[in-house]
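Student: Now for the letters of each chain:
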Amino acid sequence: MDFALSERQQEVQRAARDYAASTLGPVAAELDRSGRCPAEIVAGVAELGLLGREPDFVAYVAGLVEISKVWASLGAVIAVHTSLVCYPISRYGSDAQKKKYLPLLTEQKQLGCYAFAEPSAGSDAGAIATTAVRDGDQFVLNGHKRFVTSGRQARVAIVYALTDPSKGRDGLSAFIVDTDTCGFSVGEPNDMLGLRATGTVDVLLSDCRIPKGNLLGAMNQGFAIARAIVEGGRIDIAAQAVGIGEACLAHSIAKAKDRKQFGRVIAEFEAIQWMVADMSTEIDAARLLMFRAAGMRAKNPEDGRLTLAASMAKLFASEAANRAAYNAVQIFGGHGYLTEYPVERLFRDARAMTLYEETSEIQRLVIERELAK
Amino acid sequence: MNLEISDDQQILKQAMREFAEGEILPGAADRDEEARFPSELIPKLAEQGLLGIMIPDEYGGAGYDAVSAAIILEEIARVDAAVALLVGSHNSLCSGHILLAGSDDQKRVYLPPLARGEKLGAWALTEPGSGSDAGAMRTRATLEGDAWLIRGDKQFITQGSTAETYVVMASTDPSKGTRGISAFIVDRTTPGLAVGKLEKKLGVRASDTAALHFDEMRVPRENLLGKLHEGFKDVLAVLAAARIGMAALAIGIAQGALDEALSYAKRRRQFGKPILEYEAIQWMLADMATESEAARLMTWHAASLRDAGEPFLRIASQAKLYSSEVATRSTSKAIQIHGGYGYLKDSPVERFYRDAKLCEIGEGTSEVQRMVIARELFR
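For the protein sequence lines, the chains are D and A, in the order given.
For the first sequence, counting from 1, position 156 maps to 155 in numbering that gives the first Met the number 0; every step adds exactly one.
For the second sequence, counting from 1, position 206 maps to 205 in numbering that gives the first Met the number 0; every step adds exactly one.
Because the hints were derived from the structure by calculation, they are not lab data.
Please note that a few of the clues may not be correct.
EDC-like, lysine to aspartate or glutamate: derived pairs with alpha carbons at most 20 Å apart [unchecked claim]:
#	chain 1	residue 1	chain 2	residue 2
1	D	K298	A	E276
2	A	K106	A	D172
3	A	K43	A	E163
4	D	K372	A	D258
5	D	K256	A	D6
6	A	K272	D	D1
7	A	K12	D	D1
8	D	K298	A	E375
9	D	K372	A	E163
10	A	K265	D	E369
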């Protein structure tokens, strides 16, 4: 066993930490409030290699933790772009698709988005109603997608649609869609509790015609693709949650050492000591589950144990981040309830972690199913 | 970074599982019911090297690293926590202290019989009035001629009545609290050593827990273990390492409970289908498995820091705190999944539930662990 990151992984981690501290720290709160993620920040993250370029998944995850500590919204943007857009194109894309889209998404620093969920279809992919109908050399897409992170800024979208509605989820196919295609339009930003700078929108597809060459993978392979890439996405969320948890712990320790009540710093009260001890314990455990899953995926993305490891990491880290955020606000007292302090945003952002890339309830279903095998 | 155990450790885990299921499990329920010490297992444990797990080969031990030790303790505790407690305390406390602080002579004399299982070891720190607060220790040792004269009482001593080699903590300078504590190696045959009451316990009932009384007990001068007045430093180091063992023990109990609960949920049918198909049951199993896995990784992390010679105090306390609380939660859920059958003495989870509680108390309560962790965090 070896619990230490390699030299190179530490370099990626350090670079992300420095960038987060110097560039993101001063502006994250304000940008989040106004719901903006400026292009120069996306470019800065791309320079770090975190937008689809980092070849070592463990190093990438270590970097993602550092970004998420300071600005969870940006962590979500990075994760969607890397694990849900770049990764499926590089794994399932044709040579022509890879040649056209990967440089756009990496060197040219354009964002990607992922259009899977719909008003009536979340975890239940069988309820997806968006259709793709073949018409000569084109597919014609029609439907309504929800929760599309970076949907407004993205240059490229991965869209799931039914190509054989009689087969339910096994009739789904995945498509690469240029977002400037006629018939692809975005709605108003989803007004969310947290992750407010992720540019999350509804996407409307209205007779959106794309070349037949933009089918990703094979016809009706969409659900299999979604299943195969979801583990990376779940580990990414574990990383964002670990980042949020670590930030909560660090802010809590600093506050407890500084804040005086009844003539002594509140760090001297057992009630506060108990909270930070539990936060530290759970976040450390979450980090280990996350790195174990990440290491497994780095070695072999088709490892049969990865499904269980990724769901455990995602479930545990996201729940631990919420407990940590709850306690951080508690340690800050009334101050924690003010938007002027960072724990207020962490508290709201943490809440998304148990929801997206499927809820904690779905993770438990997956875990139990793997156990009972 | 590689968070998986090596192939050798995987083989060890499998071998330990077979040994535990074949040799330890068969009598576990009866020993628990009768509160009977597992004397018959001592030669078998010794044969497997389990009474000298981390003792180097030159002293007759098996020379395993700390990660392997955690794997061994987990597999034993998965079937019988009382035997795991015997193995853990014998190794980490008594032998661990002698290995850490003993002179070459002391190690040569005392370790081989302990490692070979010819003698069992015990470690005597706790007193009726001094649990987590070692500074309140009242046992005194005074040098009289060529011998230490020790007077006092010890409480909750694992292997208290069956050990032949004891490590005993006593105050050599009562004015200095914990800075006046020293450690001594004491033979069972020492005049003045009397074994007191055997305790009846909620769980780990087959483990031997006894009080000790020292009445003008004369211990040879050269049996001072470590430096005079500096015993407490060694005590803390021994305890920090032992917490990794206690964490592994807790994970073993949690894993045992999970395995039983999963197998029962597949067999048990209600309303026309196995109860495994109900989400309420699935949720409990998923949480048990996830938390056990998290606890296991933390414990292995602490062990591998120890193997690398790096500081591990906070991580070991976190591992012990978390694993023990997982064990109590998981065993409680295991009973819940078994329903009324889990409440019966026939069910192994009934025993696991009682045994798990030990882990939140032994080697420092959960409250002491949180104190240690917070102190490290607020440094």
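Student: All hints, please: hold or fail.
Tutor: Taking the hints in turn, this is what the structure says about them:
1. D:K298 x A:E276: Given pair D:K298, A:E276 is violated - Cα atoms ~33 Å apart, limit 20 Å.
2. A:K106 x A:D172: Since the Cα atoms of A:K106 and A:D172 sit roughly 26 Å apart, the hinted pair is violated (cutoff 20 Å).
3. A:K43 x A:E163: holds (18 Å)
4. D:K372 x A:D258: holds (13 Å)
5. D:K256 x A:D6: violated (45 Å)
6. A:K272 x D:D1: At roughly 44 Å apart (the allowed maximum being 20 Å), D:D1 and A:K272 break the hint.
7. A:K12 x D:D1: Judged against 20 Å, a Cα distance of about 18 Å means the pair holds.
8. D:K298 x A:E375: The hint is violated at about 35 Å.
9. D:K372 x A:E163: violated (48 Å)
10. A:K265 x D:E369: holds (14 Å)
Checked against the numbered hints above, the structure violates hints 1, 2, 5, 6, 8 and 9; every other hint is satisfied.
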